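> Given next are the chains, with one letter for each unit.
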Amino acid sequence: MTIALSRRAFIQASLSAAGGLAISAFAPEFAGATSINGEPWSPGTGKAPDEVNTFVVVDPDNSITLRVAKSEMGQGVLTSMAMILAEELECDFAKVKVEYASAHRNLVDGNVYQSMGTGGSRSVRGSRVFLQQAGASARARLIAAAAARWGVEPAACVASGGVVRDSASGRSATFGEVAADAAKVTLAAEPAIKTPGEFKLIGREVKRIDTTLKATGKARFGIDTRLPNMAFAAVANCPVFGGKLKSYDFAAISKRRGIIAAVPVTNGVAVVADNFWRAKEALKAMPVDWDFGPAASTDSAEFAAEYRAALDGPLADGGGHGDSDAAFAKPAKVVEALYEVPYLAHAPMEPLNATAHWQPDRIDVWMGTQAPDWALDRAANAGGVERKSVFVHNCFLGGGFGRRAVNDELTQAVEVSKALKRPIKLIWTREQDIRADRYRPQAALRMRAALREDGAPAGFDFTTAVGSITRSLGWGKVENGVERQAVEGLSNCPYRADALKVGVNLKNTHVPVMFWRSVGSSQNAFAVESFIDECAHAARRDPVEYRRALLEGRPDFLAVLDALADKGDWGKPLPKGVGRGVAIHEAFGTIVGEIAEVAVTKGGEVKVQRVVACVDCGHLVNPLTAAMQIESAVLYGLTAALFGEITIARGRVVEGNFDTYPIARMADAPVIETHFVLSGGDKWGGLGEPGTPPIAPAIANAVFAVTGKRIRSLPLKNASLGV
Amino acid sequence: MINLLVNGRTIALDVEPEMPLLWALRDELGMVGTKFGCGAGLCGACTVIIDGEATRSCITPVSDAAGKTILTIEGLGEKALHAVQKAWIEADAPQCGYCQSGQIMAAVALLKHNPHPSDADIDAEMSNICRCGTYPRMRAAVHRAAELAKI
Chain A
1 MTIALSRRAF IQASLSAAGG LAISAFAPEF AGATSINGEP WSPGTGKAPD EVNTFVVVDP
61 DNSITLRVAK SEMGQGVLTS MAMILAEELE CDFAKVKVEY ASAHRNLVDG NVYQSMGTGG
121 SRSVRGSRVF LQQAGASARA RLIAAAAARW GVEPAACVAS GGVVRDSASG RSATFGEVAA
181 DAAKVTLAAE PAIKTPGEFK LIGREVKRID TTLKATGKAR FGIDTRLPNM AFAAVANCPV
241 FGGKLKSYDF AAISKRRGII AAVPVTNGVA VVADNFWRAK EALKAMPVDW DFGPAASTDS
301 AEFAAEYRAA LDGPLADGGG HGDSDAAFAK PAKVVEALYE VPYLAHAPME PLNATAHWQP
361 DRIDVWMGTQ APDWALDRAA NAGGVERKSV FVHNCFLGGG FGRRAVNDEL TQAVEVSKAL
421 KRPIKLIWTR EQDIRADRYR PQAALRMRAA LREDGAPAGF DFTTAVGSIT RSLGWGKVEN
481 GVERQAVEGL SNCPYRADAL KVGVNLKNTH VPVMFWRSVG SSQNAFAVES FIDECAHAAR
541 RDPVEYRRAL LEGRPDFLAV LDALADKGDW GKPLPKGVGR GVAIHEAFGT IVGEIAEVAV
601 TKGGEVKVQR VVACVDCGHL VNPLTAAMQI ESAVLYGLTA ALFGEITIAR GRVVEGNFDT
661 YPIARMADAP VIETHFVLSG GDKWGGLGEP GTPPIAPAIA NAVFAVTGKR IRSLPLKNAS
721 LGV
Chain B
724 MINLLVNGRT IALDVEPEMP LLWALRDELG MVGTKFGCGA GLCGACTVII DGEATRSCIT
784 PVSDAAGKTI LTIEGLGEKA LHAVQKAWIE ADAPQCGYCQ SGQIMAAVAL LKHNPHPSDA
844 DIDAEMSNIC RCGTYPRMRA AVHRAAELAK I
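First to last, the sequence lines map onto chains A and B.
Position 560 of the first sequence, counting from 1, maps to 560 under this note's numbering, and the rest follow consecutively.
Position 82 of the second sequence, counting from 1, maps to 805 under this note's numbering, and the rest follow consecutively.
Excised from the complex, chain B in its bound form (with noise of 0.2 angstroms):
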């Protein structure tokens, strides 16, 4: 078995130790929010946070991910929404909206380590792939949530 620390609650797993943990989190627990994009860590749709790290589940083994502490979209806005999920709508931010739970996880990871990215930070750290084209508003929606947690 082993043991996942997801959104705050323990969860045991009959799996694979090499499985992904995105695998684990839609297809074993159900938390479909983090989605498949790729399955080689390229485009970021899988995005979760582990032990404060913006991590690519998809090429995540759960055994990497036991015992430390992830973060799902589910448990980011699950009290009250996130103030990168309020600038993300007050930007307009999505479009089909399937790479948004990575992006926004993304974009929490970034603000943690550096609450006031610049254009550039933003460039360099937001990486993650988005085939509507949103980069736009995504970047506009990181200044303001910067400006958001600040209140």
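For reference, chain A alone in the conformation it holds in the complex (with noise of 0.2 angstroms):
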């Protein structure tokens, strides 16, 4: 029997009826490595003959097959999805193919993948424990079948290394001998998941298995899709947010080699020709008049001053503990600070596309995304077309960070291919990702504390104003006036005080929020620890013996700070224009401490020089992949501390490219330290997002450290810190 063959040609057949993709051939394979095709998705139809169960297949040639259902964005999440799966099949990590999940599937076949967002930092928290039920699951019913075969108890039988073995009678049989019969098995009652002392795989340093499909250029984006009959096609989105197009001319730019059409999509018009230069360089041509609304005569020092002034009510209760009044009542001192940050853009590095092919009865898309089952209801609903009959072919991400949550682009690309009737793959130039994103709030947050006579502080009083994502994003009214993307990292400030009061001032203005990598916290962050420092400052305290002080009923944030002190130098010499800053947040169910050593120089340049990361996320899956989400998510935070503004003037965003929207290079780049202070238990924190947050405020404590001048608004660059 050729199932293994019969399955790839099904595979083939299935995208061909799609839209005659003829798929490639898999990637080169290195021996022993575990493997993924270039192009991970699966074939988005029903149940495979030889699954055990929807998440793991096995073959009988004894190949390995499981199943994804989150996104692979440069996290790991594809290795550390598999290596849960993995350590509870007892099969041969080095051995298995890794594939996506279908969110078809999901859809018709009763949700068996559950959520198949990635966000959130949420992949392993969200997943681990139903992953690992349907590895222990597998295994058990392949150990059942292979039980019957010998006519023995299952219970007298093991499997490990993906074979298995009765130890009485010494025979065995590899998983792909029984699989055909595992997938017929039911379990009187499903086995126990492992403990975290029983893991053989969970935890330890494995490779990822993308790495040599992009040390070689063969994993395949989105942006990488082709078809035969496909067309390019470029888009102009209204440059002031919710205004609409008026009119284009085409016949000004028709003539033009390679043209096939404009059509006018959601928010703005797209141009299509044979190659996608073609297209955007007569887009450029395309006289195109837009209705800008009433928007059109804002700008960012307008927004700066309403924001501002919103800190003055109307304030909705963000939550918080004691009595302030009374806190406030008699203070041996008030701090009081204002920190202000601006817009962000996420900027990933694949600017956004997205392939779509419309046929009157399915429609056909491919691209990277975030939410493959929200992008299968987005292209229903573009397209006209029955959620069940949409195939979503998700592809490696390059870059999501929050953004390829909710794929505009995807409509837009469906809409041409319905008006034109073939593939068609649109892309945003540079300009559109930045123009057209939908950004991480601006806001400004009013710190106050009351301290007592000993510098510890009587109580807090934190307000922010700041635009709702939820009411951004049409997902609700947010009726109470709170929402928890704007008060996390406030409401739950670990510093021990008398009383706390949270005040919100929900406040958006036409420009579109959204999440971006850590959220709130990646204002509240820097709000919360650079005050700490400024409290820490008034008291003539130490900025880590303060914020000891103050942990002492939290055990947990004490262990991170310790470690932290002591792998980050606190306190030991450096040289002259060097200074160090710490801080320390909690999210996504993880504490993250940093410590960042940075230089200024007489000139009043920033040189953050070394970064040291300690992390409590409870456990590991992938210790190597967990590393480099710290590494990653510092440094995303160092571009938008050093360099992140996104400006308004009259109602559009001025930044267009990385020349006036900067990125950190190799140059900005500190050397990175990060050690994890796991505290196990029941606690599996994210790691995605949460070593963002504590940089901001790192680097700009150590900053004040070396200057002594205060960084109350972000970005760095726009600071004078010159002598």
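Just so you know, the hints here were simulated from the structure itself, not pulled from any lab data.
It should be emphasised that the depicted structure is a prediction, and the values quoted were computed from it without experimental measurement.
Quick reminder that beta carbons are idealized off the backbone N, C-alpha and C, glycines included.
Reference listing, derived: stretches of chain A covered by chain B, where coverage requires no fewer than 3 residues with Cβ under 8 angstroms from a Cβ of chain B:
{"no.": "1", "stretch": "205 to 216"}
{"no.": "2", "stretch": "425 to 436"}
{"no.": "3", "stretch": "629 to 637"}
{"no.": "4", "stretch": "654 to 660"}
Pairs of lysine-lysine residues, derived as DSS-like cross-links and limited to a Cα-Cα distance of at most 30 angstroms, are as follows:
{"no.": "5", "chain 1": "A", "residue 1": "Lys-184", "chain 2": "A", "residue 2": "Lys-194"}
{"no.": "6", "chain 1": "A", "residue 1": "Lys-97", "chain 2": "B", "residue 2": "Lys-802"}
{"no.": "7", "chain 1": "B", "residue 1": "Lys-802", "chain 2": "B", "residue 2": "Lys-873"}
{"no.": "8", "chain 1": "A", "residue 1": "Lys-97", "chain 2": "A", "residue 2": "Lys-184"}
{"no.": "9", "chain 1": "B", "residue 1": "Lys-802", "chain 2": "A", "residue 2": "Lys-207"}
{"no.": "10", "chain 1": "A", "residue 1": "Lys-572", "chain 2": "A", "residue 2": "Lys-602"}
{"no.": "11", "chain 1": "A", "residue 1": "Lys-255", "chain 2": "A", "residue 2": "Lys-284"}
{"no.": "12", "chain 1": "A", "residue 1": "Lys-207", "chain 2": "A", "residue 2": "Lys-97"}
{"no.": "13", "chain 1": "A", "residue 1": "Lys-607", "chain 2": "A", "residue 2": "Lys-709"}
{"no.": "14", "chain 1": "A", "residue 1": "Lys-717", "chain 2": "A", "residue 2": "Lys-572"}
{"no.": "15", "chain 1": "A", "residue 1": "Lys-207", "chain 2": "B", "residue 2": "Lys-835"}
{"no.": "16", "chain 1": "A", "residue 1": "Lys-97", "chain 2": "A", "residue 2": "Lys-200"}
{"no.": "17", "chain 1": "A", "residue 1": "Lys-194", "chain 2": "A", "residue 2": "Lys-207"}
{"no.": "18", "chain 1": "A", "residue 1": "Lys-421", "chain 2": "A", "residue 2": "Lys-246"}
{"no.": "19", "chain 1": "A", "residue 1": "Lys-717", "chain 2": "A", "residue 2": "Lys-576"}
{"no.": "20", "chain 1": "A", "residue 1": "Lys-709", "chain 2": "A", "residue 2": "Lys-572"}
{"no.": "21", "chain 1": "A", "residue 1": "Lys-207", "chain 2": "B", "residue 2": "Lys-873"}
{"no.": "22", "chain 1": "A", "residue 1": "Lys-207", "chain 2": "A", "residue 2": "Lys-567"}
{"no.": "23", "chain 1": "B", "residue 1": "Lys-809", "chain 2": "A", "residue 2": "Lys-97"}
{"no.": "24", "chain 1": "A", "residue 1": "Lys-602", "chain 2": "A", "residue 2": "Lys-576"}
{"no.": "25", "chain 1": "A", "residue 1": "Lys-95", "chain 2": "A", "residue 2": "Lys-47"}
{"no.": "26", "chain 1": "B", "residue 1": "Lys-809", "chain 2": "A", "residue 2": "Lys-200"}
{"no.": "27", "chain 1": "A", "residue 1": "Lys-97", "chain 2": "A", "residue 2": "Lys-47"}
{"no.": "28", "chain 1": "A", "residue 1": "Lys-95", "chain 2": "B", "residue 2": "Lys-802"}
{"no.": "29", "chain 1": "B", "residue 1": "Lys-809", "chain 2": "A", "residue 2": "Lys-207"}
{"no.": "30", "chain 1": "B", "residue 1": "Lys-809", "chain 2": "A", "residue 2": "Lys-95"}
{"no.": "31", "chain 1": "A", "residue 1": "Lys-95", "chain 2": "A", "residue 2": "Lys-207"}
Quick one: dock chain against chain with the hints and give me the complex.
Dropping the structure here:
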């Protein structure tokens, strides 16, 4: 029987029907390496004949395919999710193949993969238990099938390394030999899953399965999709958010080489050609008239003034404890500071793009999306096709950072494909990517503390004025005036005080806002951790000692802080012009402390030389990808702290490319040392985002240590630090 | 017609002379390992090697590349992994991977004219953007590639 071969043929046939895609050969497999197809999507149809359960396929040739229902955007999720399955399955991890689970299968087969969205540092936290269960269940079925064949009790058999063995008789069978029988096994009860003490693979440093593909140019991103008869679309989104397309003059460009059509789309107009360069150049030359709408006179200075004014209310109750009025009644000292942050773009390296093939009875989509299940809904709505007739072929994501959770580009691709009745690859130029983003909100925060004689805070009073992500996405009205994103890091401030009061004024402009790596913590940690430094300074205390005193009731924070002070050489001498800053923050279930060593030149140039991070996420699946995530999160936050700023003039985004929206480069990158301080127990914290929030305040606090100048507004490039 | 010498093969292309090499490679030749990042020569995702020099193909007209020797990521590891690719894999450099073709081509060109670069050399020469922040691992990978090339 050649199920393995027929399964591949099946993939090919299915995709051919979808759009005639000739599936390319499997990427070169390097000896002993876990492999993944350069094109990691699954066929997106029904149950494979040889699957033991929806996550595990064992072929008679003993090859094992593990399905991952999360998106690979650099965080190593294809490796870590597969490791969790393999831990329980008891197979040889070096021999498994990994592919994406199908959003279509999830839809038509009763949500078998559960949430397919990737975000909120949630992949391991949200999937570990059911992935362990799926792996354990597959193992139990394989054992049961072998035991039945041998006429012995399953309890007498064990599985390891992809082989079932009956210890009494010495008989053995590979998983492949019993796979077909195992697929028919019904278990009386699901097996118990392993506890951390029993893990053999989880917690071990394992090489990522996608590295070779990415070092050879063979990993296929959405933007690399090629289909027969496919045309290329460039799009102009309305420069002012909320504006509308009035008219465009296609005749002015229609004679240019390769130009096929201009098509109005949601929020703009697309030009279609036989080559993307021809499409984008023609679009530049096409006269387009917009109705910019009422927001076309707004600018960032006006917004900043409005956010500052919004701190005076009306305020919703964002949480807290104790009697704030009493705490502030007779303070020895009041410390008060205003912090401000700008809008930020995500700017993933792969500009947003989607390839859609609309047909009257089905739509196929190729793209990198953080939410293939939402992409499926979006394509169905945009194309007027039933949801169960949409197939999303998720690709590698060239960065996500939150942006690829809401796929505006997909709507447009489906609209153009439907209009022209052919496959369309629609790409946003970098300028479109930066100017039509959904941004990290602009915000103003007023931080107040009432200090006692000994310098310890009697009360904190934090007020934030910030855009609502929920309202901006149209996900709800937020009638009580508070959303979690606005107060994360504020209402759960770990520092001891008799009272904590958090006031919130959710205030949106016409600029759309959304999830940006670490979301509300990105601005709230900057405010809280800078402000605690200000309190320490007012109390004439060392920043680490001051924090330690206020964290007495939080042994989890103290363990991280103490490790950090040690590993980060806190208090040890540094050359003149170099200083250390510390920050510690809990987000997505993980505590991260960071110490930044920062040099400030006489001319005021800031160079972050070294960052030490200590992390408590409870447990680790893969220490390698975990450390990589902390490095990545530090650099993502470092870019924002030093350079990140989206400004609005005449209602539109001023910045457009990497000259005006700079990103940290090699020369800006510090040495980064990551240490895990794992508390274990029931704690499984996230890792994609929690490394980002502490870096901005750690850098700002280091700048204060060097210069005595307090950074209360980001980015640092706007601060005047020269002497 | 414009003749391009890509990865050792001569290819005749009927395109506008001003079409950037990037789009000739990606959309005309289907060689999609070279990436589009900015279209303005700012990020280096499109880096290829032309006559030994790291070149940003998104601002290089095909007419400028005609008659020259063009090496892309597809050609680099064609027969066996290049020392830089081996070092990249050893150092676990890639995350999302999108910029990595360009980064690797930039590193290959750097090592060609400076076989033992210092950290400062790497900072100066490797100016491609990586949004995932793989810089520390890429820096280690460049040093490792220099060692591997010696062997």
